[in-house]
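So the sequence lines, in the order shown, correspond to chains U and Z. Counting with my numbering, you get residues 1 to 511 for the letters of the first sequence. Counting with my numbering, you get residues 1 to 315 for the letters of the second sequence.
All clues stand as given, with none of them false.
Label pairs and their computed distance ranges (CB to CB): (1) Z:F211 - U:D201: 47 to 55 Å; (2) U:I7 - Z:Q120: 42 to 50 Å; (3) Z:G64 - U:K273: 53 to 61 Å.
Hints were generated in silico from the structure; no laboratory data involved. Every residue gets a Cβ at the ideal spot worked out from N, C-alpha and C, and that includes glycine.
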Amino acid sequence: MQKSPKIFFDEMQLDASKLDEKQVRHIYAAYHDWLKDIPHHQLESKRQEAELLFRRVGITFNVYGEADGAERLIPFDVIPRLISGKEWSKLSAGAIQRVKALNMFLHDIYHKQEIIQAGIVPASILANSQYRPEMFGVDVPNQIYAHIAGIDLVRTSESQFYVLEDNLRTPSGVSYMLEDRKMMMRLFPELFRRYHIAQVDHYPQVLLKNLRAVAQHGIQDPTVVLLSPGAYNSAYFEHAFIAQQMGIELVEGTDLFVRNNAVYMRTTQGPQKVDVIYRRIDDDYIDPLVFNADSMLGVPGLLSVYRNGGVTLANAVGTGVADDKATYIYVPEMIKFYLGEEPLLENVPTYELSKEADLQYTLEHLHELVVKEVQGSGGYGMLVGPAATKKEIEEFRLRIVSKPANYIAQPTLALSTCPTLVEAGIAPRHVDLRPFVLSGKTVTLVPGALCRVALKEGSLVVNSSQGGGTKDTWVLEDADDETEVLQSLATLSKETKLNKNTKNSKVETVC
Amino acid sequence: MLSRTADHLYWMARYIERAENMARVLEVTYSMSLVPNAAQSEAALWLPALEISGNVDAYEEEYGDVNAADVIHYLAMDADNPSSIYNALRNARENARAVRVAMTSETWENINALWLEFSQFIGQDLAKSGLREFCDWVKARSHLFRGVCFGTMLRDDAFSFVRLGTFIERADNTARLLDVKYHLLLPEEEEIGGAVDYYEWSAVLRSVSAFQAYQKIFSDTIVPWRVAELLVLRRDMPRSLHACLDEISPILEQLSGARHTECRRLAGELHARLRYGKMQDIFQHGLHEFLSDFIDSNNLLGAEIQRAFLSINAS
Chain U
1 MQKSPKIFFD
11 EMQLDASKLD
21 EKQVRHIYAA
31 YHDWLKDIPH
41 HQLESKRQEA
51 ELLFRRVGIT
61 FNVYGEADGA
71 ERLIPFDVIP
81 RLISGKEWSK
91 LSAGAIQRVK
101 ALNMFLHDIY
111 HKQEIIQAGI
121 VPASILANSQ
131 YRPEMFGVDV
141 PNQIYAHIAG
151 IDLVRTSESQ
161 FYVLEDNLRT
171 PSGVSYMLED
181 RKMMMRLFPE
191 LFRRYHIAQV
201 DHYPQVLLKN
211 LRAVAQHGIQ
221 DPTVVLLSPG
231 AYNSAYFEHA
241 FIAQQMGIEL
251 VEGTDLFVRN
261 NAVYMRTTQG
271 PQKVDVIYRR
281 IDDDYIDPLV
291 FNADSMLGVP
301 GLLSVYRNGG
311 VTLANAVGTG
321 VADDKATYIY
331 VPEMIKFYLG
341 EEPLLENVPT
351 YELSKEADLQ
361 YTLEHLHELV
371 VKEVQGSGGY
381 GMLVGPAATK
391 KEIEEFRLRI
401 VSKPANYIAQ
411 PTLALSTCPT
421 LVEAGIAPRH
431 VDLRPFVLSG
441 KTVTLVPGAL
451 CRVALKEGSL
461 VVNSSQGGGT
471 KDTWVLEDAD
481 DETEVLQSLA
491 TLSKETKLNK
501 NTKNSKVETV
511 C
Chain Z
1 MLSRTADHLY
11 WMARYIERAE
21 NMARVLEVTY
31 SMSLVPNAAQ
41 SEAALWLPAL
51 EISGNVDAYE
61 EEYGDVNAAD
71 VIHYLAMDAD
81 NPSSIYNALR
91 NARENARAVR
101 VAMTSETWEN
111 INALWLEFSQ
121 FIGQDLAKSG
131 LREFCDWVKA
141 RSHLFRGVCF
151 GTMLRDDAFS
161 FVRLGTFIER
171 ADNTARLLDV
181 KYHLLLPEEE
191 EIGGAVDYYE
201 WSAVLRSVSA
211 FQAYQKIFSD
221 TIVPWRVAEL
231 LVLRRDMPRS
241 LHACLDEISP
251 ILEQLSGARH
261 TECRRLAGEL
271 HARLRYGKMQ
281 DIFQHGLHEF
291 LSDFIDSNNL
301 LGAEIQRAFL
311 SINAS
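Same shape as in the complex, but just chain Z (with noise of 0.2 Å):
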C-alpha cells in the first residue's frame, strides 16, 4: 500500500487512541476532586493531569495558576494544545479524509460523523457540567472506531497500520499514566494502605478500565505493586505495556515479512522484556527509571516504524 495511506491511517489511530486516553485522565481527576481530601490542593489534584499530557510549561505560559476549569479548557478544548482532546479528533478527522479510500465507508463515515458530533460540545463550559458526559462520548467513540475498524475492515496492510497507531499510543499513554501516578503517590513517609491512597489507587485503576480486573485477579486490598503489575507486565489486560506489545510485535513481523527492519528487532526486545520481566527486579532497579526508559524506547520503536514504512521521502 501506499507509504502516505499507511502514514494517514497509522496516525488517524494514535489520534482517536490519544483522546481516549486523555479523556479518561481528565475523567478520572474530575472523579477524584470530588472526594473530600483537605490535605490535597486543587493545583496539586490537577497537576498531574498536565504532567501526563507532558504540557505544564505550556500551560502554565498560557493560563499561569493550575486549576480545574482551565486545565480542563486546556486538555479538552484548547485549539492550541497540540495534545488537547480537540486537536486529537479534529487531527484523527484530517487523517481519515485523506484516507478515506483506504478505509471501509463504515470507517470513514463513523470518524466524519464523530467530528460534527463534536461540535455540539464547542463552547460548552465543561467544568461546569457534562465533564462527565463529554469524557463518556470520547470513550465511547473511540470503542466504536476500533469496532468499526474491527468488524468491517479488510485484514490486509491497512488494518495493520490502524492496529500499530492505536498500541504505540496506547502503551505510551499507559507508561506515562503509571509513572506520573507513581511517582505522585508514593510519597517516602507516608505510609501506604491508608484511605487516600486506596482512593487514589483505585482511580489510576479506573482511569485504565482495571479496576473490576484487579479485584477480580487479587481479590485483595490495593496496592501500589500490583497496580504496576497489572499495567506492566500482565498480557491478559488490554491496556496493560505488555499486551500491547503482544499486538505490535506480531504486525512487525508480518509487515516486515523479509526485511530486516530496526522497528521489528526494537519491538522484539521490548516484548521480550515484558514477556520475561520479573516485577521484583523492576521495583528493584526502579519503577520510575523502568517506565522512563520503557517510553524512550517506545518513542523510538514509533520514529523506526515511521522510517520503515510511512516516511514518504525514502524512495
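Chain U extracted, bound-state conformation (with noise of 0.2 Å):
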C-alpha cells in the first residue's frame, strides 16, 4: 500500500517527533496531560473491559455476507475526540442549516418543483431511482420529510471542515453516540467530574417529542412504534435500544396490517392503531404492493394509507432524491434558494462524471482522487486512489467506462487525525463525525455526534462494515470562558498526578 506523504491535521497535535506540549492544542491540553502518564496496559485493559461490557450488553452488530452470520462488536477506542463549544455551534448552526434547506427542497421537487424551474437543479434528478413518483403531490405533517438526519462532516485543518455527505434514509449509529458516553463515564469517571462536557442522553426524549408532533393533525395521543427489519438486521442492537429508550413497541412488517385506510399492529389485546411510524427499513422493502414485490419485511399497503393520510412515516418515503451523490453537489445552492442565506458549512469539491471534462480529468488523475457509485451506501462501491493498487484502479476505471454517470469523484481529502488506541501504543488515525440533526416542531441536534475512526493504519474509510470503529465525542461547555475550561483542566492534571503511582512503562506514541 502507497503510503501518503501528507501531514494530515490532527485533533491533539500530538507530535511523536517533538514531544512538546506547547503543540497540543488547548483543549486537549489536560487530557494529554492525563493520557501521557497513563502507561499502556493500564488504557488497554480499560478497552478490554469496555469490549466485556459491550458484548455482556449485547451491542453487536451482524455483517452482511459473513459466513457464519456470528455477531460483532464494533471496536470502540477509549480515547475521546473533544470538539470545544465554539467549535460547536458553528458546526451545529450549519448542520441545521442544511436540513432546513433539504427538508424544503424535498417538499418542492414532490410538489412545485421551483429549483428545477428556476434551473438550479437540473430535470435529469426526476429520472434518479430514489426519486418516488409515487411521492408526488403528497402532503406530509409539518412539511418534513428527513425528521432524523446524520450529515457527515470531516476536516483538514484548524478552521477547514467539509460535509462528506447527507444521510436522509434511515441513518444509524446514534446508539453508538449514546452507549459510547455511557461506556467513557464508567471508564474514567474522574475526566466526567472535572471537564464540562455537554449531555447527549436525553436524545430519545427529543426524538420521541418530534415523533409525536408529526402525528396527523388532530390526533391527541398518536402511538408511535418502531419499524425494524428483525434480530438478523445489521443495526437490529440500535433499534431495540432505541425503542426501549423511547418507550415505544419495536414492530416488524409482519406485526402491522393495513385496514380501512389505517395501519394497525396485532397484540395480545386485538389490533391497535399505529399513527406514526419511525422506521428503519428502506423505501425499496416498506411496501410490497407498491415496491420490492418480495420483501418480507414491509407491511402491504402501508403506502396507500400514508399517501392518504393514514399514518406518518419517518423519515418520508422518497427522501433518498435529496442525499444522492448526484443531489449533493447542489445543496449549496439549495441553501441560497430557499433560505437567502450563505452555506456555513462547505461541500467537498466534486467532479460529475456525467460531464466530459470531469470524466477526463478523473480518468487521468484516479491514484489521488475518491471516487463514489452514487445511489451507493456503505462504503462497499467506492475507490481510494492513493491506497488502491494499481489493479485496483484500473478494475474500477473499467466500472467508471462503462457508466459514468453512475460517479461521482472527489480530492482525497486529508482527512484529520485523532489518537487512536492500537496494539503498539497510541497512534494517530482518520476520523469523522457524524452529528444528528432532528427535525419535528423545530429542528435540533443534541450536543454529540457518532466519531468513527477508520483503524487500519493511513485508511480513510471509516464505515464500520470496512472495519471501522468508533469514539464518544466531547462537546465542551463554557467555551466563551477558555481560561475558565484550561484552569479546571490544570487543576485536573495536578490531581491525577498527584494520585499516581509512579509507573516505568509509559504510553509509546507510534508516529
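Fit the two chains together into the complex; they arrive one by one in their own frames, and the hints show the way.
So, in C-alpha cells, the structure goes:
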C-alpha cells in the first residue's frame, strides 16, 4: 500500500517527533497531560473491560455476507474526540441550516419543483431511481421529510470542515453516540467530574417529542412505533435500544397490517391503531404492493395509507433523492435558493463524471482521487485512489468508463486524525463526525455525534462495515470562557498526577 | 402488547425451564449411576432420561446403543437434538434477543451472559467429568433468570407471558418425569420398599428438589404413592402439577379479561381436577392414564394459549 506523504491535521496535535506539550491543542491540554502518564497496559485493560461490557449488553452488529453470521462488536476506542463549544456552535448551525434546506428541497421536488424551473437543479434529477413519483403531490405533516438526518463531517485543518455526505434515509449510529458516552463515564469517571462535557442522553426524548409532533393533525395521543427489519438486521441492536429508550413498541412488518385506511399492530388484546412509524426499513422494502414485491419485511398496503394521510412515516418515503451523491453537489445552491443564506458548511469539491471534462480529469487522476458510486452507501462501491493498488484502479476504471454517470469523484481529503489506541500504543487514525439533526416542530441536535475512526493505518474509510471503530465525542461547554476551562483542566492534570503511582512503562507514541 | 413480543417472551421462558428440567434429569440419572446396582444395566439406567425427553427413536437413529456418554452428549450438547440443553438455551437467547426491548435490561443482560458463559462448556467431555458442575450451572442460571424477571419486571402482560411459559413447561416436565419413573419403577413382581427402590424414589424426589419437602411433610419412608401425591396434588410443592396450575389459571383469567377464551376454560378445568381430585381415585383409574391425559390436556392448553394471544396470523 502506498503511504500518503501528507501531513494531517491532528485533533490533539500530538507530535511524536517533538514531544513538546505546547504543540498540543489547548482543548486537549489537560487530557494529554493525563494521558501521557497512563501506561499502555492500563489503557488496554480499560479497552478490554469496555469490550467485555459491550458484549454482555449485546451491543453487536451483524456483517452481511459473513459465512458464520456471527455477531461482532464495533471496535470502541477509549480516547475521545474533543470539540470546543465554539467549534460546535458553528458546526451545529451549519448542519441545521443544511437540513432545513434539504427538507424544503424535498417538499419542492414533490410539489411545484420550483428549483428545477429556476434552473438550479437539472430536471434529470427526476429520473434518479431514488426519486419516488408515488410521493408527488403528497403532503406530509409539517412538511418534514427527513425527521432524522445524519450529516457526515470531516476536518482538514484547524478551521476547515467539509460536509462529506447527508444521510437522509435511515441514518444509523446514534446508539453508539449514546452507548460510547455511557461507557466512557464508567471507565473514566475522574475525567467527567472535571471536564464540562455537554450531555447527550436526552436524544431519545427529543426524538420521541418530534415523532409525536408529526402525527396527523387532530390525533391527541399518538401511538409511535419503531419498524425494524428484525433481529438479523445489522443495526438491530440500535433499533431495539432506541425503541426501549423511547418506550415505544419495536415492531416488524408482520406485526402490522392495513385496514380501512389505517395501520394496526397485532397485540394480545386485539388490533391497535398506529399513528407514527419510525421506520428503519428502506423505501424499497416497505410495501411489497408498491416497491420490491419479494420483500418480507414490509407491510402490504402501507404506502396507500401513507399517501392518504392515515399514518406518518419517519423518515418520509422518497428522501433518498436528496442525499444521493448526484444531488449533493447542489446543496449549497439549495441553501441560497430556499433560505436566502450563505452556506455555513462547505461541500467537498466534486467532479461529476457525467460531464465530459470532469470524466477526463478523473480518469487521468484516479490515483489521487476518491471515486464514489451515486446511490451507493456503506463504503462498498468506492475507490480510494492513493490507497488502492494498480490492479484495483484499473478494475475501477473499467467500471467508470462503462457507466460514468454512476460516479462522482472528489479529491482525497486530508482527513484529520485523532490519537487512537492501537496494538503498538497510541497512534493517529483518521476520523469523521456524524451529528444527528432532528426535525419536528423545530430543528435541533443534541451536542454530540458519532465519531467514526478508521483503525487501519493510513485508511480513510471509517465505515463499520469496513473495519471502522467508534469514539466518544466530547463537546466541551463553557467554551466562551476559555480560561475557566483551562483552569479546570490544569487542576485535573495536577490532581491526577498526584494520585498516580510512579510508573515506568509509559504510553508509547507511534508515528 | 404485540402478539409477537408475547410469543417470544413465552417461549424464552419455556426454553429456559426446559433446559433446567433436562439438567435435572441428567443430574439425577448420573447420581443413580453411581449407586452400585448390579441389577440394572447402563442402558436400562439411561433409557428413562431419553424417554422423558421423548426422543428415543431419534437418539437410536443417530447413536444406536444406549450408553451414558452418548445419552449425556445427546441431551446436553447435541445441536441436532431440538430439545438438548444446548438448543434450549440457544432458543431462549434467540427469543430474548428478538424482543430485548420488552424486558428489563437486567433480564436481557442476564440471558445474554448465560449464552456467553455457555461457550465454556462447548467441546467439554461432560460424560468424563464436569457433568455435575454443568447441571448445577444450568439450574443456577435458570434460578437467576426467574429471579431477575421477578425482581425487575413491571407486573404487566409481558411478565404474565414469561410466567405462563415457565409453568406450562414445568407442568409438562414434572408429569413426564413422574410418568416415566412410575412406569419403570413399579414392576409387578418386585416388592415395594426395598433398598433399590428407596434410592430410585429419593432420586426422583431430588430431581424436582422435593426430597427434603417429602421428609418434612411425611416424616416417613419413601413410598411411591406419596411421591405421586406430592408431585401431583400438593399445591405447596413448587414443581407439582397443582402448583403449576395455581399459577397458570389466574394468569389466563387476567389476560383474557372479558374475552371467553378456550385456554381459560381448559386451564380452569385442569385446575379443578387437581384442586378437588383425590389421590385414591387417581390410583384407581391408573396414575399412568391420569398423567398421559394431563400431558395431552397441557399440550392442548399450550396450543390454545398460542391461538388466543400469540399467533400473529390472527388479525
